[in-house]
Structure formats: structure tokens, C-alpha cells
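Protein chains: 2
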Amino acid sequence: MTATPFDLDDELLARAAWSALAEPGDANAGALVAALGPSRALHWLRAADGDAETVRRAIDALVERFPLPRTGARALSAAVARWGPRLGDLDPRRELQVLRSLGGVLVTPGTPWWPDGLDDLGASTPPCLWVRGDPVLPGASARSVALVGARASTAYGNHVAGDLAAGLAAREVTVVSGGAYGIDAAAHRGALRADGTTIVLLAGGVDRAYPAGNAELLSSVVERGGSVLSEVPPGGAPSRWRFLQRNRLIAALSRGTVVVEAAWRSGALSTANRASELMRPVGAVPGPVTSMASAGCHRLLRDGAAVCVTDADEVVELIGEIGRDLAPDRRVDDRPADGLDPDVRRVHDALPIRLGAPLHQLAREAGLSEAEVRGALGTLELVGIAVRHGPGWRKATPQARRHDVTDG
Amino acid sequence: MTATPFDLDDELLARAAWSALAEPGDANAGALVAALGPSRALHWLRAADGDAETVRRAIDALVERFPLPRTGARALSAAVARWGPRLGDLDPRRELQVLRSLGGVLVTPGTPWWPDGLDDLGASTPPCLWVRGDPVLPGASARSVALVGARASTAYGNHVAGDLAAGLAAREVTVVSGGAYGIDAAAHRGALRADGTTIVLLAGGVDRAYPAGNAELLSSVVERGGSVLSEVPPGGAPSRWRFLQRNRLIAALSRGTVVVEAAWRSGALSTANRASELMRPVGAVPGPVTSMASAGCHRLLRDGAAVCVTDADEVVELIGEIGRDLAPDRRVDDRPADGLDPDVRRVHDALPIRLGAPLHQLAREAGLSEAEVRGALGTLELVGIAVRHGPGWRKATPQARRHDVTDG
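From first to last, the protein sequence lines are chains W and D.
Quick note: the first sequence uses my numbering, first residue 1, plus one each step.
Quick note: the second sequence uses my numbering, first residue 1001, plus one each step.
Don't take every hint at face value.
As the list claims (entries may be wrong) - Listed next, with one range per pair, are the computed distances between beta-carbon atoms:
1. W:P342 to D:D1195: 28 to 36 Å
2. W:P342 to D:E1064: 28 to 36 Å
3. D:V1383 to W:D91: 18 to 26 Å
4. D:D1195 to W:A371: 50 to 58 Å
5. D:T1054 to W:T379: 22 to 30 Å
6. W:G235 to D:I1353: 38 to 46 Å
7. D:S1276 to W:D341: 34 to 42 Å
8. W:V387 to D:D1007: 39 to 47 Å
9. D:D1195 to W:A237: 33 to 41 Å
10. D:V1383 to W:A212: 38 to 46 Å
11. D:A1237 to W:D341: 17 to 25 Å
12. W:T379 to D:A1237: 18 to 26 Å
Source of the hints: derived by calculation from the structure; they are not laboratory data.
Glycine included, every Cβ here is placed at the ideal spot set by N, Cα and C.
Construct the entire structure; sequences and hints are all you get.
Next comes the structure, spelled out in C-alpha cells:
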């Protein structure tokens, strides 16, 4: 191991170092840092890094004192071999310098800004977050929803993602997504359009816009009170592995995850799975069955892995507390005979529109007794939708609706 | 009561008479006919019809001998008063004559053509079915699906209904629906298009096409091996009550019910509810959330009252036996690194495309040990997607895909 010219005992630096050493989601790193603290874990690693015998001895000494959860001596030995190649030119001060030049902040566990939700990730909780924009927002978002979906989205998906995001923003719900093309971008933009806050979780470093075409969008998010963050230090390239691991952060930072459009196999489904594993609710937006871009959403619905959501109210209900945040009942135009007893409705249906029909004819028509028809007519007359006409009865247009063209 | 010039002891005539006397779904009629048989029930009714005292005495005599299920003396008394108005000009020979002139047949319980599924309706089992076209089909349809939905359907809904029906017909599944405009018509037409069989359940008599605009469609169904049927005698007008009751027959005649498009409040949802009550599976076809014509389907999905179905295979799986009729897995184009161990994939992702990278650089990039990278490269070389290049390794296009334009 080459010299590490930075202060290993500075916890912030040590956490930054761990985020550079270990790939996202490395449970061995998480367990080690949780057991020793980031600085002592670094000291230990520096001592352990060497030939097989050195590693073995360091691990033996360690496991004697700390029962490492979710890992074992064997796995730790493999992990040391993985971290080793990166120990050489490790210097987190460099990455922190880049972050600060962008106005960013490193947010670490145990500080007030740390998002509690991330701790649900257990040993795969990231050692720190590299944050541009508002560093408080991710931790303050008690009400946040991940809107995720296909990069190859359709106009329909973009429209729905934007509308949902705007609706959520209007209800003071923070919109979390991955900053990708397609649904992600539409979600971030929808939140901004409604003057809401939105969080972008990148798979690579926050110094590089990925995809480059969304650079302006990421800047807007930062400028307009949102956050752009990553568990990977500046300079880190997004890789397939990091995208998958990033999805666990999206799920963990949100009260619930909604998939807007997703192909049969899509990264968005992995975010949904992560949310389920974290016991967070998952929603899926349906779409035309003729659209392959909705096949993943329908798959989630078919498997019972997601609740069908169609508007912002239903999304708020998804993440809301029981008894609060219930989606309002749909308003539908009441028809005059609605809410009446079925027998009374049967009499109303049997009433002619123009010429009155006598009681016995109405009884035969409706399949009711004359007494029942007489009673029903009383109700219908009271409601104002039946009137006497000659020796019988006919339908009447209720007073309030007399000029209503669509009444029937 | 006026004279009834027909033979009350002819069971066929007696059942036809009951279908004219009682409105669809009348559980009192069902219980009485089940207890006494249709003829004795008619004799009893003729004797009971009169003043309050006559009715009371007839009922007392009856309940002494028969414990009438799901009904009581009070309810039966009300029912007698309902049937009374229709006893006057009752003559089922007239309606049977009309049916026969149309080439139709009266199908009754206990005969081989009777659809077993209807018996699940208990006391509201219809006394008989007035059938045009193939009288055997409804009873023979062990594999049948109801495709129901909005009259005010969209082009999308009509397209999907037609496609589902054609797909079901191709799988020898009979398509059951209500003969209405919109989804119903599209379903019947789709089945005919694929040379399949389809059953139309009308709310009014089979002698009158309702709606009139579908007269030609109903004729086609009859001509092409399907059936048009009703529990209401010829001449019977469709009423709102009869539409609702007709829906229970659609549900009972089918192994499962699929709602293709339905507004937030729609008659099709009542068919779905009836199917659920009969423990038959219910499916719903999703659509754009921007389409009010799909709101009812999404409601069923949200409430967990229906399974999301998107094609004929999934519908067949819905009604199929467990372990048989599973919808085939979606085919997706495999990508070269699919199915590999995640660590191996990480190495593949870290490989450059043009110039080879040395082992130690790949290890740092992938966050793995050099030993792991070495092992992974062995696998990748074997699969044919990594090659040595100079002092290092790079990605390779697998042999079989060399000419594949979309490969990446």
C-alpha cells in the first residue's frame, strides 16, 4: 500500500474514502464501518492489505472482537482483495475539493441532514452522500415519492409522469428520480413546472451530468431548491452495477415508488423490487396493452407487486398514512333515479315518457304488486321524477333539471 | 284469476310461464319452483291468487310442508302480489310459438343442454333459457370467457376487445357477451372473425334485436354456430333491472369475466361483481389513465377485484386450470452478458471496447480483486464476449451476433 497523505482519523474524510474504496451496496464495507467506525475501519484495512497471511491474521484479530453481521471471515477476505487495488491512489480530499467547487456538501450518517430512510438499507447503507443543491432536502422529505420508468418512454408516459409530478409537487410531495432520459426527466421537469422540489439520484459522480443531454435539467434542479446526489464520489463513472445500486437509494429515499412506464425488463422494475424489499408501497401506472412501454407496469400489476395508480391523489393515498390522504371519491353526475330503492327504480323505468300508464299496467310491466307500485309512485312524485297524467302516471323531469339537455 | 287455457302440467310450458311471471333474479319464484316443481308451483299460485286471506291460507299450507329457502311467508306473500298482475293474460304457448318460428328452443334445467354453471345462481337460477342458434353451445362451453365493457368504448377498447376475442376463439374458448354496442359488439365480432363461437345474452326477448343497430350482428352469431339467448320470453322489453340481472347470467355462463373498458360507473362492473360472487376469476384490461373509458378497469385493479390481463394468453391463464394454461413467458432478446454472475457482468461492463485494459485497471474499475477479475475474464472469454488485446483485455462481439446491428 502506498502512503495515504490524508488524515484517516477525520471521519468525514474516512467516509468519503470508503465511498471511493467500496462499490455501492458493498455489505462487507458497511458491516466493517458499522463495527469499527469509518476511521478505524480504514486503519484496519491499511494494516490488513498485504499478502494472504497478513489478511488472515488481521481478520482473525478482528472477528475475535466484532461479530460482523451478514459477512464472514471468508467474505471479508475477498472484500479486502477488492478494496486493495483502490487503496493506492486514494485521496478523498481531491473529490471533496471538486464537490465544494460545485457548492456541494458531503452528508454523513448521524448528522441532522442524513435521510433516516437510508438506514433501512442495513449493511448496504452508503457511507455518505455527495450532494449538490439543497443538502437538507433529502433528509427532510418525510413526504417523497419516487417516479421512475423507462428511458425509451412514449409521449403518453412523459405526459403522465409530468402530470403526476406536478400534482405531487402541488401537494408538497418531493419527487425523487434518477435524472435519466424519458420518464425520469419528465418527472423532474413536472415537479419544477409546479414549483416543487425534486431530488436527482445519480449513478455516477455529481460533477458529471449523466446523460449529458440532461445537464441543463440537473442545473435547474440545483438552482431551484432541489438536490442532485450520489453515493459515488465526483469523477465516478456510472456503470450498470452502479445504476442497479442507485435504484436502491431511490427506493430508500422515498416513501413509495411509482413506475410510470417500463418495458417487460426494465431497470425501473428493480427500483420497484427494492422498494418492496424495504416494505415501501409500490404503484404502477397502467397504459395501453398495445404499448410495450407499459408491459413492465402491467407485469407488476399482474404479479400483485404494485397497486394501480392513475393520478396524483392515488399516489398520495399510496404513500399516505391510513385514514389520511385517501384519494377523493370520483365525482359523477347523479342521475335522477340514483340512490333510490331498486324496486322504486323499476317503477321509474316502467313509467312512460309522454302518456300516463295506469297502475295495473305499471305493475305488470315492472313485475311488482299494485301496492308496491303505489308506494313507489309516492316516492317518485316526492323526488319530482313522476307525475300524474290523465288516469295514470308518467315520468317527469325534476324541477332543478328542467333545462338540462342531457337529462333522461 | 282468469282462465289459463294451457296445460299447467306440461313442465316446459310451466317453466316458460314462470319466466314470464317472475322478473329475472326473483329468488321467491326460484325457491317455489325448486320446492314444488314448476307445474305444482303454478297450480299453487293459481289457488293462492286472491284476497289477502286466500294468500295467507295458501302460504300457511305451503310452509307447513316445505321449508322455503331464502324466503319467508312474508316475502312470498309480497311475491304473490307481484306475480298476480301477470297471471291474467299468461299464455306461454304464444311466446314458444314465436321462439319456434325463429328456429329457437327452450332449454330447461335438468336436461343435457342446460349449462351447469347457471345452477351456481341458487334460488335466482332462471327457470329456463330462450335460445336462438345452437342450443347446445352454452351448456357445452366448459371453456368460455365473458368479455364485457362500455357501450361508449374507444377505438382502443374496440381494438383490444376484438383482438382478445379472436385470440380466445383461436384457442377454442367461447366468447360470451351482452350484444350491446361498443365492447360487447367488438368482442362478438372478434370471435366471428376468427371463426370462433360466441354467445349473446340479451336482457330482452330473443325475438327483438337490442340495440336494433346490432340486428345484423345477432343474425351472424346465430348463422355462424353461436347462440343468442335470454331468460325473458320473446316480446319482453329490456329494462334497467333486466340488464343488471342479465349480467349475472353472463357471469354464470363463463369460466371468467374480463372487463375491457368501463367508465368509473358502468354496468360491466356489475358483471365483474357477479363473477366474483360466483367465485369466478375476474380480469381487467388496463388502458391509458387519461382515458375515462378505462377508469372502471383501473378501479377494479386498484381494489384488487380483478387481475390485470393484457392478451389472450393471460385471459386463458385466468380461466385455466392451475398448472395448465399458464401464459407463456415473454420472449425478450437476450443480451450477451445476460444470465452471467453479477461480478462477471461488472467485469464485462468495465472492459473497454477498443484498446485492451490491464488486469489491475479492470480490478480498480470494477471494484473487484485481481483474482476475481481473472476468473471473470475466463468466463467472458469462454462465452465469447471478451478477448485479449495487447497486454490487456477488451470487449468482443460474440460470434453468432457479429452481424447483428443492434448488438452493443
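Evaluation of the provided hints:
| no. | hint | in the structure |
| --- | --- | --- |
| 1 | W:P342 to D:D1195: 28 to 36 Å | violated, 41 Å |
| 2 | W:P342 to D:E1064: 28 to 36 Å | holds, 31 Å |
| 3 | D:V1383 to W:D91: 18 to 26 Å | violated, 37 Å |
| 4 | D:D1195 to W:A371: 50 to 58 Å | holds, 53 Å |
| 5 | D:T1054 to W:T379: 22 to 30 Å | holds, 29 Å |
| 6 | W:G235 to D:I1353: 38 to 46 Å | violated, 21 Å |
| 7 | D:S1276 to W:D341: 34 to 42 Å | violated, 24 Å |
| 8 | W:V387 to D:D1007: 39 to 47 Å | holds, 44 Å |
| 9 | D:D1195 to W:A237: 33 to 41 Å | violated, 57 Å |
| 10 | D:V1383 to W:A212: 38 to 46 Å | violated, 31 Å |
| 11 | D:A1237 to W:D341: 17 to 25 Å | holds, 21 Å |
| 12 | W:T379 to D:A1237: 18 to 26 Å | holds, 23 Å |
When each numbered hint is compared with the structure, violations occur for hints 1, 3, 6, 7, 9 and 10.
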